[in-house]
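Generate coordinates for the entire structure from the input sequences, incorporating the hints supplied.
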Amino acid sequence: MSASGGKKAILAAMSANGGIAVAKFVGAAITGSASMLAEAVHSVADTANQGLLLFGQKRADQDPDELHQFGYGRNRYFYSFVVALVIFALGSLYAIYEGIHKVQHPEELKSPIVAIVILGIAIALETFSFITAIRESRPLKGNASWWQFIRKSRNPELPVVLLEDSGALIGLVLAFAAVSLTVVTDDPIWDGIGTLCIGILLGVIAIILIVEMHSLLIGEGATPGDYRSIRDQLIDDTRIDSVIHLRTQYLGPEELLVAAKIAITPGLEIADIAAAIDAAEARVRAAVPIAKVIYLEPDLYRVGHV
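Residue numbers (UniProt numbering): 1 to 306.
Calculated directly from the structure, the hints in this document are not laboratory data. Check each hint, because a few of them may be wrong.
Unchecked claim - Here are the simulated lysine-lysine pairs, DSSO-like style, with alpha carbons at most 27 Å apart:
(1) K141 x K261
(2) K141 x K8
(3) K58 x K7
(4) K152 x K141
(5) K292 x K261
(6) K141 x K7
(7) K8 x K110
(8) K8 x K261
(9) K7 x K110
(10) K292 x K58
Keep in mind the model is a prediction, meaning the values are calculated, not measured.
Rendered as C-alpha cells:
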C-alpha cells in the first residue's frame, strides 16, 4: 500500500484526537478529574504524533541526492520512532506522575456527569478513527493476525495509529471506570488509580513501538515470503544455476534493496550473462514490485564459496 492509505488513517486520527483533546480539557477543568486530564494530555500527544507522521511522509518524498543516494524513505521510520518517544515521555510519564500525585492527595470530583458525557463522546470519535485505521490496514495485513501485522509490517504509520487508537480506547474506558467508581464509592482515590493505569498502558504501547521502530530504523530485510520469491525468481535453470548469497534491506516502506551473488552457467558469453541478469531483475520486480533497487553479481559456483 502506498503512503496515501496510511495518510487517510493518520488524518482521521488527527481530526478525532484534536476534537477529543479540546473536549477533555474542558471536562478536566470543570470536574477536576486527574484521569480526564491525563487523557487530555494523551490526546494532545496523539494529535502532535499524527502531525509528526505526516511530516515524516513529506520528508520521505524528497528525491535522492549526492549525500543520500538511496533517497529519504527511512524518514518515515525515524519520525515514527520519535512518535513512540513522545507517547512515552509526554503521555505515559505524565500520567504516572499525575496518578501518583492524585493517589497521595485525592481531590473530590466536581460535576462528574460532565466527565462521563465527554468520555462517551470521545469513545465514539476514537472508535471512528480506530475503524478507519483497521480498514486501511486490512490490505497489508492479509491472513496475519493483528499482532503479527504490528510486529512484521514494514509500513510504520499504520501500526502506530492502530496502537495509538487501541490504547486511546482502552484509556478512555479506564478513565470512564475511574470516574464512575469515584462517584459510586464517593472515594476520589479511584481517579488517581485510573490515571496510573492509563500511564502504565501508554508506557507498554510506547515500549512496543520503540522496539519495532528501532528495528525498522536500523534496517530490516524482506519478509520471509518476499525473500523466497526473490530467491526463486533469480534462478532460471538455464543461465543462472543458483543463488550463492542474497541480502535484502528496506530503504523505505515501499522500496526494497536486493543484492545477490548468482552462479552463472559456465561457458556463457558476456552478452548472454548480461541478458540473464536483465531477465532476472525483470522477474524479481514482477514478483516483488517493491524490489526497486537490484544489484546482481555474476560468479561461478564453487564449494565453500560465499
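Output the indices of the hints that this structure fails to meet, ascending. 1, 7, 8, 9
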